[in-house]
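Visitor: As you go down the protein sequences, you meet chains A and B in turn. Per my numbering, the first sequence runs over residues 1 to 167. Per my numbering, the second sequence runs over residues 1 to 100.
Derived from the structure by calculation, the hints contain no laboratory data. One or more of the hints may lead you astray.
[Said to hold, decoys possible] The list that follows gives simulated cross-link-like pairs (lysine to any residue, SDA-like), each with its CA atoms no further than 20 angstroms apart: (1) A:K163 <-> B:L79; (2) A:K164 <-> B:M61; (3) A:K134 <-> B:Q88; (4) A:K89 <-> B:R26; (5) A:K163 <-> B:A74; (6) B:K99 <-> B:V81; (7) A:K164 <-> B:K99; (8) A:K134 <-> B:N57; (9) A:K163 <-> B:M1; (10) A:K164 <-> B:Q54; (11) B:K86 <-> A:S162; (12) A:K134 <-> A:S116; (13) A:K163 <-> B:V92; (14) A:K163 <-> B:T89; (15) A:K164 <-> B:F84; (16) B:K86 <-> A:V147; (17) A:K164 <-> B:I66; (18) A:K164 <-> A:K89; (19) A:K164 <-> B:L4; (20) A:K89 <-> B:A42; (21) A:K164 <-> B:K86; (22) A:K164 <-> B:L83; (23) A:K163 <-> B:R26; (24) A:K163 <-> B:A71; (25) B:K86 <-> A:E145; (26) A:K89 <-> B:K86; (27) A:K163 <-> B:M61; (28) A:K163 <-> B:E72; (29) A:K164 <-> A:A22; (30) B:K86 <-> A:A22; (31) A:K134 <-> A:F144; (32) A:K89 <-> A:A22; (33) A:K134 <-> B:M61; (34) A:K134 <-> B:I80; (35) B:K86 <-> B:A71; (36) B:K86 <-> B:G76; (37) B:K86 <-> A:K134; (38) B:K86 <-> A:F73; (39) B:K86 <-> B:N27; (40) B:K99 <-> B:E72.
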Amino acid sequence: MQDAFFYLFSALTLICGFLVVANPISRNPVTSALFLVLTIISLAGLFVLLRAFFLAAVQILIYAGAVMVLFLFVIMLLNLKDEEQRKIKRTSVILGGIGGGALACLLVGTLAANFSPGQPNLLMVEGSTMALGKILFTEYLLPFEIVSVLLLVAMVGVVLLSKKELK
Amino acid sequence: MTGLTHYLVVSALLFSLGLLGILLRRNLLLIYMSLELMLNAANLALVAFSRFNQQLNGQVMVFFIITVAAAEVAVGLALIVALFRKRQTVHVEDLNTMKL
Chain A
1 MQDAFFYLFS
11 ALTLICGFLV
21 VANPISRNPV
31 TSALFLVLTI
41 ISLAGLFVLL
51 RAFFLAAVQI
61 LIYAGAVMVL
71 FLFVIMLLNL
81 KDEEQRKIKR
91 TSVILGGIGG
101 GALACLLVGT
111 LAANFSPGQP
121 NLLMVEGSTM
131 ALGKILFTEY
141 LLPFEIVSVL
151 LLVAMVGVVL
161 LSKKELK
Chain B
1 MTGLTHYLVV
11 SALLFSLGLL
21 GILLRRNLLL
31 IYMSLELMLN
41 AANLALVAFS
51 RFNQQLNGQV
61 MVFFIITVAA
71 AEVAVGLALI
81 VALFRKRQTV
91 HVEDLNTMKL
């Protein structure tokens, strides 16, 4: 049963990931952004299969709910009409395909060479909110506080960069 | 029985798809979205390793990666909007000079 869900979610992830990158039907950036949202949601499903429940919820709330909304907002702000008429050159498609395919063959080949069959579920830790919260506030307290400062700095930087005249 | 290798293969394929998107597309926003795809592939690999090594450190790292990625997307999109205001284009081949 879990295997069926794994294959379903991973197939959904890879198909939607491919449609983000190379959509044969329409070259609208909005379509790619929506397929990226679907990819993120299928990844959250894979996280649930890996027992990382808090991370699955965080992924949907923050990544699909805030980051992708920001992306779509910016895509619709810049009125990209002439993107769809520009042709993609044949050589760039071939070279890009060779590059991506080479990396995929390298990684998957290495993984398949060291293939180990799955073990039955032993005593594995669950990524519940309480367990993650405990470790976040004791062992990883310093990165937690630094990340909050980082978010403040990013917010100030975005407000500054969006001013009308950059003096 | 799905083991660690299955999840890592999915992560590797997703990473290569993101790389393909960066190499192939000429729109800045689509290149940025392929970059986010690569980040998500790394997140999946980290969570898979954390699960199969019975630790929580991988999940904490993914928590921080999601946060930093959100901040990075905000700053990057502000840069793209500022660039668009100056040069009226987001096509990478038109942005071939450092002069504003």
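Visitor: K99 (chain B) and E72 (chain B): Cα distance at most 20 angstroms?
Guide: violated (24 angstroms)
Visitor: Decide if the proposed pair is consistent with the structure: K134 (chain A) and I80 (chain B), CA atoms, cutoff 20 angstroms inclusive.
Guide: Distance of about 38 angstroms is beyond 20 angstroms: violated.
Visitor: Below or equal to 20 angstroms on CA atoms is what counts here, so check K86 (chain B) against K134 (chain A).
Guide: violated (47 angstroms)
Visitor: If you draw a straight line from the CA of K164 (chain A) to the CA of L4 (chain B), is it 20 angstroms or shorter?
Guide: violated (50 angstroms)
Visitor: Would you mind confirming whether the straight-line C-alpha gap from K86 (chain B) to F73 (chain A) stays at or under 20 angstroms?
Guide: The given pair, whose Cα atoms are some 19 angstroms apart, holds under the 20 angstroms limit.
Visitor: Is it true that the CA of K86 (chain B) sits at most 20 angstroms from the CA of S162 (chain A)?
Guide: holds (12 angstroms)
Visitor: What's the verdict on K163 (chain A) and V92 (chain B), does the C-alpha distance respect the 20 angstroms limit or exceed it?
Guide: violated (23 angstroms)
Visitor: Taking 20 angstroms as the top limit, are the C-alpha atoms of K134 (chain A) and N57 (chain B) close enough?
Guide: Holds - the C-alpha atoms of N57 (chain B) and K134 (chain A) are around 12 angstroms apart, at most 20 angstroms.
Visitor: Below or equal to 20 angstroms on CA atoms is what counts here, so check K86 (chain B) against A71 (chain B).
Guide: violated (23 angstroms)
Visitor: Given the hinted pair K134 (chain A) and S116 (chain A), is their Cα-Cα distance within 20 angstroms?
Guide: With Cα atoms ~32 angstroms apart, K134 (chain A) and S116 (chain A) exceed 20 angstroms; violated.
Visitor: Would the pair K89 (chain A) and R26 (chain B) pass a check requiring their Cα atoms to be no farther apart than 20 angstroms?
Guide: Answer holds: K89 (chain A) to R26 (chain B) is near 10 angstroms, not above 20 angstroms.
Visitor: Holds or violated: K164 (chain A) and K86 (chain B), Cα atoms, limit 20 angstroms.
Guide: holds (11 angstroms)
In summary, the structure is inconsistent with hints 2, 3, 9, 10, 12, 13, 16, 17, 18, 19, 20, 23, 25, 26, 27, 29, 30, 34, 35, 37, 40 from the numbered list given earlier, while agreeing with the others.
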